[in-house]
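Engineer: Each chain is listed here by its residues.
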Amino acid sequence: MNKNVSIIITLALILAIGIVFWGGLSTKSSTPVENVEIKNGIQYVTIDAKAGYSPKISNAKAGIPTKLVMNTTGTFDCSAALVIKSINYQKILPQNGETEIDVGTWKTGETMQGICSMGMYSFQVKFN
Amino acid sequence: MLKKYSFHVTGTHCASCKILLEDILSEESFVKNVEVNLKKEIVEIETDSDKNVEELVEILTNLVKKNGYTLSVEKKFEEEANNGVIWQALPIGLLFLVLFFLLQKSGILNLGLGGQTTPTTSFIIGLIASVSSCLAIVGGLVLSLSAKVSQDNVSDKKNFILFHSGRLFGFALLGGILGSIGNVIGINFTFSAILGILASVVMLLLGLNLVGIFEKNKITLHPGIFNFFRKIEHKTFTPLLIGLGTFFLPCGFTQSMQVVALSSGSFSGGLMIMFGFALGTLPMLALLSFGSASFAHSKYAPLFFKSAGVVVIGLGIFALLSGLAGLGIINPIFNI
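Sequence lines, in order, name chains Z and R.
My numbering applies: residue 1 is where the first sequence begins, and numbers increase by one.
My numbering applies: residue 1001 is where the second sequence begins, and numbers increase by one.
Incorrect hints may appear among the rest.
Cβ-to-Cβ under 7 Å is the rule here; a few derived chain Z residues that face chain R [stated by the list, open to error]:
no. : residue
1   : 3
2   : 76
3   : 81
4   : 92
With a straight-line cut-off of 25 Å between C-alpha atoms, the simulated DSS-like cross-links for lysine-lysine are [unchecked claim]:
no. : chain 1 : residue 1 : chain 2 : residue 2
5   : Z       : 50        : R       : 1066
6   : R       : 1105      : Z       : 56
7   : Z       : 39        : Z       : 126
8   : Z       : 3         : R       : 1158
9   : R       : 1105      : R       : 1051
Treat the hints as calculated values from the structure; they're not laboratory data.
Each residue gets a CB set at the ideal place from its N, CA and C atoms; glycine is no exception.
Based on the sequences and whatever the hints tell you, model everything.
Structural biologist: Set out below in structure tokens:
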């Protein structure tokens, strides 16, 4: 194989990896959706966990006691192994069902991050 | 009277090649003294033989040929050829990485598996897991170790069989233990994350080694340490233990299955679940290890080692950065 050709292919493939990771090929929407609900003074943020977390970014209100609701439907992949460092939470979610996690009250401007144990899936909840 | 000759040697991929070469050559009766210099790729011998230099080269090469070494009077210009190989290996390796990450992103692997987890479903989950992001760590480790073992010409097939049996029976046994203990212990995330980071460092080192970064300046350790490594490499329990150890590597699927095994509530229940899962991951992992063995013994060996090195480095970086993010040390970089 010609060296120059192979350098060009190499650069193209590196670009392709970049697009896969950070580009627009995402199958899941990263724009905030309506997944926050306030019931009886408690804020519920619902997140689906299966092959990643959805939505990846949620906007919630600051200053209200908040609970995360993790939805799993036949989830066996890494997103079932949830870690929320800031509240010292780590648990393997059941394969099917809803898991409520009390995350306490957050201040304006704070962001809570959840990540799976291997670190390739994550989500954020922004408090305003 | 002793005469001194020095020959060029090719095929010395491994640091322990020094000992192997010296062992083989010194068995020959007319070789009185042998000294291998890996850095310069030179073998120096002292001999009382009257044969001329060409005859000596032929005899000695025949001795070491089966181990993949060649002796020559003139330095063979293999380096240029090697430089060409890396430019073929780089796109090949990267192509595999692109396909792998595209597969992760495609969503094909998100099959709905609801209901009760039986040994059959855990087998299917194992099949999925073996091509999922877990492949980045478990598969990457298997590929790098297999390529390395094949390159070092250790009895690779035997080691692979031991590794896979270690994995199958280790999973079954540990699954059974989890099932019989029940919910008493939790599997520590931090422990497996640290193991994962260790595994990715091993992958990176082996990957760089396979690509040939260290070829120019092979790290030369004390011969005693080499002997130690050679001994471990030949020990039966090493591949068995590594196979068993993959139980603790971070893989979301493995961790989920461990919880299923925990909640099965019986030794046989947990055993069947984890055995089924490990059996499901077997085809892919066996393909990786035995595939690399057959490539390693073909004429495409240099290209294979370098391509595998590129793949392993890519997976190693991915696993390392993800692992650090999982531990909360750095911000998550990947979100596939």
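Engineer: Holds or violated: are the alpha carbons of residue 3 of chain Z and residue 1158 of chain R at most 25 Å from each other?
Structural biologist: Given pair residue 3 of chain Z, residue 1158 of chain R is violated - Cα atoms ~38 Å apart, limit 25 Å.
Engineer: Can the restraint linking residue 50 of chain Z and residue 1066 of chain R be considered satisfied, given a maximum Cα separation of 25 Å?
Structural biologist: Answer violated: residue 50 of chain Z to residue 1066 of chain R is near 51 Å, above 25 Å.
Engineer: Verify the proposed pairing of residue 39 of chain Z with residue 126 of chain Z, using a straight-line Cα cut of 25 Å.
Structural biologist: holds (19 Å)
Engineer: Just to be careful: measuring from the Cβ of residue 3 of chain Z to every Cβ in chain R, is the smallest value less than 7 Å?
Structural biologist: Nearest chain R Cβ about 5 Å off; hint holds.
Engineer: Classify the hint on residue 76 of chain Z as holds or violated, based on whether any CB of chain R lies nearer than 7 Å to its CB.
Structural biologist: Nearest chain R Cβ about 4 Å off; hint holds.
Engineer: Given residue 92 of chain Z as an interface hint, is the shortest Cβ-Cβ distance to chain R below 7 Å?
Structural biologist: holds (5 Å)
Engineer: Decide if the proposed pair is consistent with the structure: residue 1105 of chain R and residue 56 of chain Z, CA atoms, cutoff 25 Å inclusive.
Structural biologist: The given pair, whose Cα atoms are some 15 Å apart, holds under the 25 Å limit.
Engineer: With a cut-off of 25 Å on the C-alpha distance, tell me whether residue 1105 of chain R and residue 1051 of chain R pass.
Structural biologist: At roughly 65 Å apart (the allowed maximum being 25 Å), residue 1051 of chain R and residue 1105 of chain R break the hint.
Engineer: Does residue 81 of chain Z hold up as a contact with chain R if the rule is Cβ-Cβ below 7 Å?
Structural biologist: holds (5 Å)
In this structure, the earlier hints numbered 5, 8, 9 are contradicted, and the remaining ones agree with it.
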